[in-house]
Structures are given as C-alpha cells and as structure tokens.
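Participant: Given only the sequences and the hints, what does the whole structure look like? Please build it.
From first to last, the protein sequence lines are chains A and B. The first sequence begins at 1 in our numbering and counts up by one. The second sequence begins at 507 in our numbering and counts up by one.
Note that these hints are calculated values from the structure, not bench results. All values derive from a computational prediction rather than experimental measurement. You may find that some hints are simply not true.
[As the list claims (entries may be wrong)] Have a look at the derived ranges for each label pair, beta carbon to beta carbon: (1) Glu392(A) <-> Thr720(B): 44 to 50 Å; (2) Glu392(A) <-> Glu607(B): 42 to 48 Å; (3) Glu607(B) <-> Thr274(A): 49 to 55 Å; (4) Ile577(B) <-> Thr488(A): 40 to 46 Å; (5) Thr488(A) <-> Glu607(B): 39 to 45 Å; (6) Asp503(A) <-> Ala797(B): 35 to 41 Å; (7) Glu392(A) <-> Asn608(B): 42 to 48 Å; (8) Glu392(A) <-> Ala797(B): 55 to 61 Å; (9) Thr488(A) <-> Lys600(B): 37 to 43 Å; (10) Ala407(A) <-> Lys600(B): 54 to 60 Å.
Just so it is clear, CB atoms sit at the ideal spot from N, CA and C, and this is done for glycine as well.
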Amino acid sequence: MAAFGVHFGTTSACLAVYKDGKTDVVANDLGDRTTPCVVAYTDLDQTVGAAAKQGSIRNTQNTISFVKRVLGRPWEDPVTQEYISKSPVKIENRNGGLVYVVDFKEKMIDATPVDVATAIYKQMKETANSHGDGDIHDSVLAVPSQFSEEQRKVFGECASKAGFSVLRTINEPVAALLAYDLGQMDNTLHCNVLVYRLGGDSTDVSIVQLQGGLYRILGNTCTQEVAGSKFTNVLADFLAQEFYKKYKLDIKESRRSVSKMRMATEVCKHTLSTLENAQVSIDSLHEGVDFHSSVSRARFESLCGNLVQKCVALIDDVCAKSNVSSSDIEKVIVCGGGAKPPFVQKAISDYLSNAEVFNTIPPDEVIAIGAAKQAAILTGNNDNELLIGENEIECLSKTVCIKGYDANKDPVLYPIFQEMTPFPARRQEVMNLSPQQTSMEMDICECTDVENPDTAKCLAKIVMKDLPEKACISVTFHLRSEGSLHVTCREETSQIVEQVTVDVCS
Amino acid sequence: MFLLPATDDAVTSVTAPLSAPVKVSFESAGRWFEALRLRRRHKHSLSHHSLQSSSSEESDNEEIEEEDNLILLQGLDPKEWKQQDHYAVLGISKLRYKATENQIKKAYKSMVLKHHPDKRKARGLKVGDGEDDYFTCITRAYEILGNKLKRRSYDSVDPQFDNDVPPADEESKKNFFKVFGPVFERNSRWSNRRTAPSLGTDSTSIEDVNRFYTFWYDFDSWREYSYLDEEEKEKGENREERRWIEKQNKAARQRLKKEETARIRQLVDNAYACDPRVIRYREEEKEKKEAQKRAKKEAARQKALEEERIKQEALDEERKKKEKEEEEAKAQAAIAKKEKEAQKRLLKKERKTLRTVAKDKNYFTDAEDEKVTNMADVDRLADQLSLLQLQTLNEAMAADEGSRAKEAFSEAVQELNKQIEEEKQRHLEALQKQSGGDNSQGSKKSWSEAEIQCMIKAVNLFPAGTKERWEVIANFIHQHVPTSNKNAKDVLHKAKELQKNDVFLKQNADKKAFENFEKNVKSANVQANPKEGVVSERFESVGEQQVREQGTNPAPWSPEEQKLLEQALKSYPASTADRWDRISECISTRSKKDCMKRYKELVEMVKAKKAAQDATTKKK
Chain A
1 MAAFGVHFGT TSACLAVYKD GKTDVVANDL GDRTTPCVVA YTDLDQTVGA AAKQGSIRNT
61 QNTISFVKRV LGRPWEDPVT QEYISKSPVK IENRNGGLVY VVDFKEKMID ATPVDVATAI
121 YKQMKETANS HGDGDIHDSV LAVPSQFSEE QRKVFGECAS KAGFSVLRTI NEPVAALLAY
181 DLGQMDNTLH CNVLVYRLGG DSTDVSIVQL QGGLYRILGN TCTQEVAGSK FTNVLADFLA
241 QEFYKKYKLD IKESRRSVSK MRMATEVCKH TLSTLENAQV SIDSLHEGVD FHSSVSRARF
301 ESLCGNLVQK CVALIDDVCA KSNVSSSDIE KVIVCGGGAK PPFVQKAISD YLSNAEVFNT
361 IPPDEVIAIG AAKQAAILTG NNDNELLIGE NEIECLSKTV CIKGYDANKD PVLYPIFQEM
421 TPFPARRQEV MNLSPQQTSM EMDICECTDV ENPDTAKCLA KIVMKDLPEK ACISVTFHLR
481 SEGSLHVTCR EETSQIVEQV TVDVCS
Chain B
507 MFLLPATDDA VTSVTAPLSA PVKVSFESAG RWFEALRLRR RHKHSLSHHS LQSSSSEESD
567 NEEIEEEDNL ILLQGLDPKE WKQQDHYAVL GISKLRYKAT ENQIKKAYKS MVLKHHPDKR
627 KARGLKVGDG EDDYFTCITR AYEILGNKLK RRSYDSVDPQ FDNDVPPADE ESKKNFFKVF
687 GPVFERNSRW SNRRTAPSLG TDSTSIEDVN RFYTFWYDFD SWREYSYLDE EEKEKGENRE
747 ERRWIEKQNK AARQRLKKEE TARIRQLVDN AYACDPRVIR YREEEKEKKE AQKRAKKEAA
807 RQKALEEERI KQEALDEERK KKEKEEEEAK AQAAIAKKEK EAQKRLLKKE RKTLRTVAKD
867 KNYFTDAEDE KVTNMADVDR LADQLSLLQL QTLNEAMAAD EGSRAKEAFS EAVQELNKQI
927 EEEKQRHLEA LQKQSGGDNS QGSKKSWSEA EIQCMIKAVN LFPAGTKERW EVIANFIHQH
987 VPTSNKNAKD VLHKAKELQK NDVFLKQNAD KKAFENFEKN VKSANVQANP KEGVVSERFE
1047 SVGEQQVREQ GTNPAPWSPE EQKLLEQALK SYPASTADRW DRISECISTR SKKDCMKRYK
1107 ELVEMVKAKK AAQDATTKKK
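Facilitator: In structure tokens form, the structure reads like this:
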C-alpha cells in the first residue's frame, strides 16, 4: 500500500509517496513537483495551483494565496490582522473567523480559509489518485512546529475532508530529519541537528536533538523578514529600476505591471538557482513598452547580500533560544523553496563550518518526503492514534557510565546510557581484560559531564574474581521500564556471572 | 579503556540509587518512537519485537538435506512419470508436503546442476537420448511441485500417505491417544483451515475436546483427485470427446472425494466412540442428572416432612392453649360463682333484715292504707336496692328510733322512685335517639307523613313479586305526593326499616293518618274551592277501599293481617254470636268473607301438616 506525505506550505504544497520501499515526490497533472497554494475563483470555475497563480494578474481580487497563514486563527489574531491589511481579496469577519468574499460565477460568495485549504488538498488528492492505488490514502501531514493544537486540528480536518486518511501530523523540522533518515538506521546516534527552512513566505530555523532514535525540538525561531518572496522582491525592484533607467517609466503606477514584473522575476530567480545567467523579457510591461534584460547570478548574489546576512543571524538567534552553542551543531538540513539558491546554502554551511550539510534532496521536497516516510512507518499499524501524553516518556536524568582507566591509569568515563535515554533500554558491551588479569572491579556511575570523571557519582561496584586468563566479559545493561538499572557481567569462557540491580530514587 | 584488578576486600555492592527520571516530551515521529510507543502501549518487554521478527525469518533459512537418490533416478522410466514419487525425484522425500516453495526450487536447482545431460556429458557419464533420459523426470517433478495447483493435486494422492482408519474396538479404546493421535495429525494436513486443534491428552477440558470434534465433524478438506484422472482432457481429438473425458474425470473425482469424506467421517466417529474423555463426560453428565433428580426428590420429601411437623406443632400448641384457657375459665367461673353466692347470701340477709326491721317498726305507720303502700315500697326497696344501699338503709333504720327510721325509709323510697323515673327517661331518650339515628342512617332524605302513608299503601297495593316493585312504588308515591323526591332505593330502605320497627310504628302512622285525614277534611271544608289540578287523595288503605267497593280484598294476606286474624279468632271463640262479623271488624282491610276463606285455608294447611307429621312418625 502506498503511504503519502503531504506538506502544505504557505506558498506551495508538495506530495510525496512511499511505495515499494522507495520515497518519491508525486508530480501534479502539469508535471510540476510542487503545486502553488493559490486558489482562484473566476466566472467559469474554481482553479487551484499554477493556473490560478498565472491568472492572478487579471483576477487579483478573487485569487486567494497564503491561506496557511490564517487557517485556524481567530479574527483578533495579529497575524490575521496583518494578513487582512495586505490581502487584495475582500475579507469579512463572520462569527470571529474571517471569510473571503469572492466573485464566483458572477455571484458573490463566501469562502472560508477551510474551504480554500480543502480545495488545495483536493487538488493534491487528485495528484495522489493519479498514483492509482485504491481510494485509501494513508497520509501524514507536516505542519510548522509552532502551530497550535487548534491549527493542527483544522489542517487535519481539511485533509480529511479532501479524502486523505490522516494518520498523524508531525512537525516540519522532524520531517526534514526523517527525509534524510537521520537517526532512523542507527538509534545510537546522538547529535543536534539544525533545520533551516527558508520558505516562500517565512523562515523557520529549529534545532532538533536526536538521541536514541528519538527527536526533541530544542528551539525554534520563525520570521517573515527573510523569505523566498523577499529575494524576489529585491530582484524585481532592481529590474524595475533598470526599466526606469531605460524608459523613464515607473511600473509602480500600475498594479498589473508590478504583477507582471514579479512573475517574470520569479522565473528568473528560479533559473539563477541552476544557471549562471537568466534572461528576463516581458512584453508590454508598462504602457506598451516591452522589457528585456539579463541578470547574472553574481549580480543577484550581491543584491541579496543583506538578506543572506539576516539568514545567518537567525542561526545565532535559535542557538541562543535553545541553549546550544553553534559549535555543538553537527548536522544541518536545508529545506524550503527559498533555500534553492546556491549562495544561500553556501552562506549557511560556511557559518556552521564544522557541521555536515544535507542538501541532496531538492529543498522544497524534503518535508513532504519526510512525511511520506513517517506515513510508511505508520501504515499497517492498527493503533496509530496518538494518546494524550503518549509522547511524554520517562528518561534518564543523568548519563550512566562505567569508570575505567586509560593507558596512563587516569580515570575515564565510558558512557553506557546518555542522559535523556528513554526507558526501557538495553545495551551490551564486551570488556577485554589485560591478558594476565584474573580479577576486575567495575564502577557504575552517573554523571552530567562525561569529560569530568571527578564529578561522577558512584552507583554500584561489580567485582569479579578468580577469572581465567584472557577473560572476556560481556556486560549487559538493562534499564527497565520502571526505572531500575540491572547490570549482568558474564565471563564467556568460565560462565562466571555477577549481577547487580540499582533501584531508582523514589 | 582498562579495568583495574579487584582489590582484596572489594565486593559487589550497590552504593546509591539512580537519580529520579525526568519526563521528556519527544516528537511523535520516526520508527524508534513508534516502536517505543507500541511497546509501552502493549506493555511489551524490550525484546518482544526482536524475538518476533527473528522467528519468522527462521523457517526460510532451513537447510535442505542432500539426499542421495542416484540409484532411484537411474531406475526411473520417464514414461511412467505419473507413478513416480516426485518428492523423491527432487531429493526432498523427507520434507514432502512440508517443503516450502523455496526449498523445492533450491532442490530442483541443485538437481539440475548435478544431473543435467550436459553436465553429465562433461563428466563422461552415459546420457539417454532426448525424452528417454531420466532428467525429464526431474523437470517433470518440478513442473508438478513448482506449480501450486499441480502440487496440491499431487499431494492429495501422495502415495506415502496412510489412509488407514483405526477401528472402534477395545484395543483402540485402551490406547486411544496412541492410536488416534498420529492419525488425526496426519489427516489434519488436508484441512483448509490452518490451525487444526490437537487431540490433546487425557486431562484436556471437555470444551477443548468438543472443539476438536466440531472441527473434525465439519472438516473442510482440500484434497482432490485430479491427479488420478485416467485420461487427459487435452488428448481428446475433438470437442465432443474432450467433453466426454471431462465428464468421466469429474465423475471419478467426485466418487473419490465422497469416499474421502466418508473416510474422515468414519475416523471421527470411531474416535468419538472410543474417546475416554467423551465417555467419561457422558457418564458424568448422566450421574449429574441422576444426582439432580435424587436431590430434587429428597428435597420434596424433606419439605413434606417439615410441613407435617409444623402442622403437628401448631395443632399441639392450639390444643394446649385451649386446655389452659378452659381451665382458667373454669377456675374463674368457680370463683365468680362463689363470690356471687356470697353476695347473694349477703343480699338475702340484708333484705331479710330490712323486712324484719320494717315489720318491727310496723311499717312506720299505723294507718292500714299507708301500711299496704309502705309494705309494697319495702318489697320494692328490697328488690331494687343494691347491697351497699341496703346496708346503709338497714343501719339507718335499725340504729335510730321510729321517726328517724321512717324518714330514712321515705327518703330511700323517694330516691328509688326518682331513680326509676330517671331510668325511664333515659330509656326513652335512647329510644328516640335510636330512631333518629336510624332515620339519618337509612336515608338522608326525610320522609313526610304523607309519603310514608302513601308508601304503605303502595306496598300493600303492589305485593312482593310485582315487576320492578320498588320503582313502581316510588312512582306511585310520586304520583300522589308531588313534592316527593324518593327513588326506588329510598323506598326499599324505608320499607325495610318500617318492617323492622314493627307494628307499633305502623299503627302510629295509621293513627296519625286518621288525624291528618280529619285535619285535611276540616281544611277541605274550610277551603271551599280546592285548588285545581290537585288530584284528590285517598285516605283509606287500598285494602279498605277494595273491601268497601267489592266486598273482597284479592291481595294476599299480610303477616299483620294474619296476626290480627289470629288474635280475633282467639278473642272471639266459636261460641260467640256473629263471630265472623266481629272478626272482620277487627281486620279493617278484610271483609267477613275474606276472613272465613282464610280460616278455612289455614285449617286445611294445619290438617295437611299434621297428616304429614303422622306419616313420618309412623314410618319411624
């Protein structure tokens, strides 16, 4: 059975499928791998996606975009108010929620954000149907981590209405980690991952702690100051200036000219992500004057220098928020359509020079693929419903380690269970004693800082005597679900066993 | 990292507890989270999942034992492929139907590597040409075992399968599990349902045993016999022939299938008959039923006994109580009698003293007249006064001289008279009250004189037996007393009351009626013109009227009339002149003729009665 991952972004949506052990993005009916989240109401019909976006030049009043920003938010919300002030579509207040008033088939109708989102999900559903795997579309939705419960609920409802069977909603940064299978193959990996999502309309930077195969979002920062659209604006302004220089005509006089310019600039920007140079040619841009120009990547880069600096500043911000120094970040995932320009990725990887950057998956598809992978994990399970508080798991508060000695006979700590290891857990270690050694003693300690053996608190001591020469001791650590630690030492050749149980402090 | 050798005095020990855990909320994503979540939800241990997954892998990795079957292969005749043991040909005769697809494939591949004609040629061995080489048998075997359907039909007629059914005799009863266990085991492979229940042991619960037999009685077998088809359908030259072959095959298959079903049935029947658990269970059931029956009987008997006992006890108690009461009553009666006698004696004595005192005092007077009255008074006093009063009176009279005694005597007499008077008064009052109470009780409506009269008339006019008598009477009253508001019920009530209150009241009413009549006549006389529309009222009884008009009264004799007649007959004996005239005068409602007639009737009735009595006495 196919499992789908849906990422419904502010500007564009992406659908990925997990099938036969592979994850891939499903292209929509136009062949595009992402679908613009734009819904247009016209005299004839309701259009979604690229067609709606293209038609927006002539149908601005009835073209709804950025619906994700207001979905599930009340009228009084400042985000809603800001959105309303900028929206070209007429918006009214109905029972505390906002409603778009649009001209549809020569009638004024009300369209709620839920209706609009459902229309987009329906479009995605059609794309999913083209994958031809029956009517059941087990899917996982990815939403921003700062979303409230209410917003998540509304999102899920929209998807259900459109015909998706929603298994779960996960957070976008985690989906990004899943897309790269970080921590999925090897659950001993312990690291901090920075997820840099540079979206079309906003930017999210999060730090995810990965440990024992489990994820924890340590901190998150979100801003609209840096976004894909800002880059477009910068380039469009530059081109408008050029147009003004050439023809002494200001395109800002006409709304349609601005729209035309923006459209052309966007295409140009996308081209610059892959090519060194991009052509811009707009017929009859303003007052019947055609415009033609070419932009190099270097030019674009220099124009956006300011923005890129802001981008990097966000990393510091999130590090401060989550109490992690930027040097502790070992991996970086870049995602979101805005992160496509190579210089943006380069700036981020340069800033976190000792971190590994993951960018092999097209940035605007990462989250959808991650969601699809999660859907693949969940599909086929009978009880997928997440109970309240079920994601709260009891964990070790301190690192459990054994105290050993290095070559200089200085004590060192060897961690067995890192702090925040969820119960239960088990680990096996093999200890090799020096060839003539016939006895040994092992201290089991807990500590907060592995580097500093003196701070470790001794929990138990295991002593084994009368061991044969060349003894090989396998030690099993079992952290039980009620919290106690059980340690068994077994010498392989003589089968001498020594065990101890450390109870949890109540 | 090294571990130090233990110091001499070191021992394994726990020095401190683990610090308390913290609750951390993780992102609900990833397979590790999912595994953890499911484990926690189902309370599985850490090793649960890994165990499960490893066990499923195991079965596939089984090694196939290489079987050396070269001699067998060389002795094969490719034309007789149908009779060959294909499993043996592929070298998996030990696994047989249990072999997995992978194992068959593997076995086939290894066989091909060993026995392919090209390989053998390379090794310098002899190879039969074309179809005749034994290698075709190997390919044929794989053709059959490699195809699911074909393999199934071959398995169905596996020559090594033992179709034997143990008989239901003493031997198999004795060694039930030994005899039937393996049989069921090997037959269970034909089941369409995967998990056949095992025969179990002697201690298996009856529920499981029943489940086992229901499974086998509804056995759903996949065994089929297409492999044994005599001729292949494809061999038919034309459509008709092919069809005929098909038909033949089908019939043969069906026959075999039927036999198979019967075989299984026989097997299960035999097993059921021999199963010691079933036998035991049946016996137990039987015993249980009998025990229940017995218990029921016992309970009934017990109950009857108990009831008998209780009854007896109650009777005894009652009898005792009665005896006791009787005794008590006797004793009391004796005491009371004694007391009464004593009192009587005392009273007699007192009376005697009173009389003697009175006599002694010459009855307090000298005049003869007064003496007589005083004597009567003394007698009365002696009779009426109680013991105490008598005593005081005697004392008063005895103690003092004549005048004082007389005073006391006259006082006592006066008091007595007063008492009697009072008593009379009270009696009268009570009587009045009673009648008043009756009135209010009987009917809340008050009866006027006219109405009562009218009713008495009506009652006489319409004797008992008249249809709807009381309604008719009520109507009659209505007609004659327009102001009356009595209905049938009231009338009935009043009539009964009157009957109860005997003749006195009636006579009273009659008397009053006459007075009223007189009054009315007077008033009628005074009123020159009576009101129009007022129906003239009759004041004589119906009987009187009839007697007056017709000379006879046809109505039957009422008890009152009868009484009057009897009295009259007594007061005027037969010798009296004009006896019947006088008698008839006594009974106002009857004529002379009526009275005579009645008398004759009565005489006849008495005579008849006497005759009947005589007859009965004679008989005795």
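Participant: Now tell me, hint by hint, if it's right for this structure.
Facilitator: Structure-based check of each hint:
| no. | hint | in the structure |
| --- | --- | --- |
| 1 | Glu392(A) <-> Thr720(B): 44 to 50 Å | 49 Å, holds |
| 2 | Glu392(A) <-> Glu607(B): 42 to 48 Å | 47 Å, holds |
| 3 | Glu607(B) <-> Thr274(A): 49 to 55 Å | 50 Å, holds |
| 4 | Ile577(B) <-> Thr488(A): 40 to 46 Å | 55 Å, violated |
| 5 | Thr488(A) <-> Glu607(B): 39 to 45 Å | 42 Å, holds |
| 6 | Asp503(A) <-> Ala797(B): 35 to 41 Å | 57 Å, violated |
| 7 | Glu392(A) <-> Asn608(B): 42 to 48 Å | 45 Å, holds |
| 8 | Glu392(A) <-> Ala797(B): 55 to 61 Å | 60 Å, holds |
| 9 | Thr488(A) <-> Lys600(B): 37 to 43 Å | 41 Å, holds |
| 10 | Ala407(A) <-> Lys600(B): 54 to 60 Å | 58 Å, holds |
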